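Novice: Both chains are sitting in their own frames, so use the hints and assemble them into the complex.
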Amino acid sequence: GAVVSQHPSRVICKSGTSVKIECRSLDFQATTMFWYRQFPKQSLMLMATSNEGSKATYEQGVEKDKFLINHASLTLSTLTVTSAHPEDSSFYICSALGLTQQETQYFGPGTRLLVL
Amino acid sequence: AQSVTQPDIHITVSEGASLELRCNYSYGATPYLFWYVQSPGQGLQLLLKYFSGDTLVQGIKGFEAEFKRSQSSFNLRKPSVHWSDAAEYFCAVGPSKGNTGKLIFGQGTTLQVKP
Chain A
13 GAVVSQHPSR
23 VICKSGTSVK
33 IECRSLDFQA
43 TTMFWYRQFP
53 KQSLMLMATS
63 NEGSKATYEQ
73 GVEKDKFLIN
83 HASLTLSTLT
93 VTSAHPEDSS
103 FYICSALGLT
113 QQETQYFGPG
123 TRLLVL
Chain B
142 AQSVTQPDIH
152 ITVSEGASLE
162 LRCNYSYGAT
172 PYLFWYVQSP
182 GQGLQLLLKY
192 FSGDTLVQGI
202 KGFEAEFKRS
212 QSSFNLRKPS
222 VHWSDAAEYF
232 CAVGPSKGNT
242 GKLIFGQGTT
252 LQVKP
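Line order of the protein sequences matches chains A and B.
All letters in the first sequence, in the order written, are residues 13 to 128 by my numbering.
All letters in the second sequence, in the order written, are residues 142 to 256 by my numbering.
Just so you know, the hints here were simulated from the structure itself, not pulled from any lab data.
Possibly wrong hints are sitting among the right ones.
Residues from chain A that keep clear of chain B, each with C-beta distances beyond 12 angstroms, as calculated [stated by the list, open to error]:
1) Val31
2) Thr44
3) Gln54
4) Glu75
5) Lys76
For the chain A half of the interface with chain B, some residues (derived, Cβ under 8 angstroms), not all of them [claimed, not checked]:
6) Gly28
7) Ser55
8) Gly65
9) Glu115
10) Gln117
11) Phe119
12) Gly120
All values reported here derive from a predicted model rather than from experimental measurement.
Ideal placement from N, C-alpha and C gives every residue a C-beta, glycine not left out.
One chain only, chain B, in its complex shape (with noise of 0.2 angstroms):
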């Protein structure tokens, strides 16, 4: 079955130091995948996405991640958080060719910065 896990419900780092939010996939071929970030109250805001190419892939707000297709993983990563990066995190996956765009989501993790 096709599933996404998101082993870390919630984390807390101190604002300055590094992230890494972890993401997992169970998915029959090679997926699209995806991270979005949800502040309180508001929508999904896309971050970054991998499609093909170059497994490390940038994205806005200074993060980047890594799809590693031995471990199954597309890990979330920030060299340096910012207070503002307090928000809950969903990655997500969906079909690669000839799909609906139906998505798949992680249960979320939900990042706390300390000052």
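Extracted from the complex, chain A is given alone in its bound form (with noise of 0.2 angstroms):
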């Protein structure tokens, strides 16, 4: 249980372009779905929390119009960087918060972002 996909694993796309990130909670809901970016050898920086229904609250220094974030139902939500540049290039975790189990989070496969 307690499983967590995003989608897709890894993308390349030209610099100006925009990037959807999806991410999914296969077997239970998520109340609460946390977006974070780990540069290499590093430990994870949180950037927004996104919660069903409302508008994501982002960390300090995160870009909000830059990182878009859409969390339309219980078990879906989306990242998406606009007009990605190469310094956006790096990889995207997200990690959901279930009904029943709010004290855990449970983290998807990261999506590798490389901007050209």
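Specialist: What follows is the structure in structure tokens.
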């Protein structure tokens, strides 16, 4: 139980284009999902907290117009990197908090984004 | 300020040897404590967690951790390491009640296992 998927697992795009990453909780409903960014050999950096049916809460320094988050249902949150630039290249990981396991985050496998 | 410290950035152990990964935290109240493992290019897998009760918690893959309030520590242990345990290990803390579920992560410890 508590499986979280991400799609795509890796994506390469041209500079200036937008990329959407999906995060799904497969066997549980998630009231809250989190989006992280991870640089090589570093820890996870929380970008934003996504709550179903409401606006995401962004961490300080994260541009909300650049990283659009939508949490349309209790099983799906999306992160759209708009007008991507090479510096946006990174490993993006989502996690989900279940309705019945609200203390524990379950993580997706991550999405590797490379912007050329 | 709330923080998590993993003092060891990189640890190398021989296969079959015992392992202890250190985690110290700074938190205003009793936190929820977690250990996650990350293989290269993958997401994080929950190894174990501590919320309350018995301070020695058992996790998956033969791992255990002990919460020591007096030392603000939550060290991860395994009696005999396998080559497949080579990975990145993250300690994390979260607020215990009425929270948004946000976690504070340590910087991670890279475990290398020698044959």
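Novice: Hints first: check each against the structure and report whether it holds.
Specialist: To see whether the hints hold, each was checked on the structure:
no., hint, result
1, Val31, "holds, 18 angstroms"
2, Thr44, "violated, 5 angstroms"
3, Gln54, "violated, 7 angstroms"
4, Glu75, "holds, 19 angstroms"
5, Lys76, "holds, 17 angstroms"
6, Gly28, "violated, 26 angstroms"
7, Ser55, "holds, 5 angstroms"
8, Gly65, "violated, 15 angstroms"
9, Glu115, "holds, 5 angstroms"
10, Gln117, "holds, 6 angstroms"
11, Phe119, "holds, 4 angstroms"
12, Gly120, "holds, 5 angstroms"
Going through the hint list in order, the structure does not satisfy hints 2, 3, 6 and 8.
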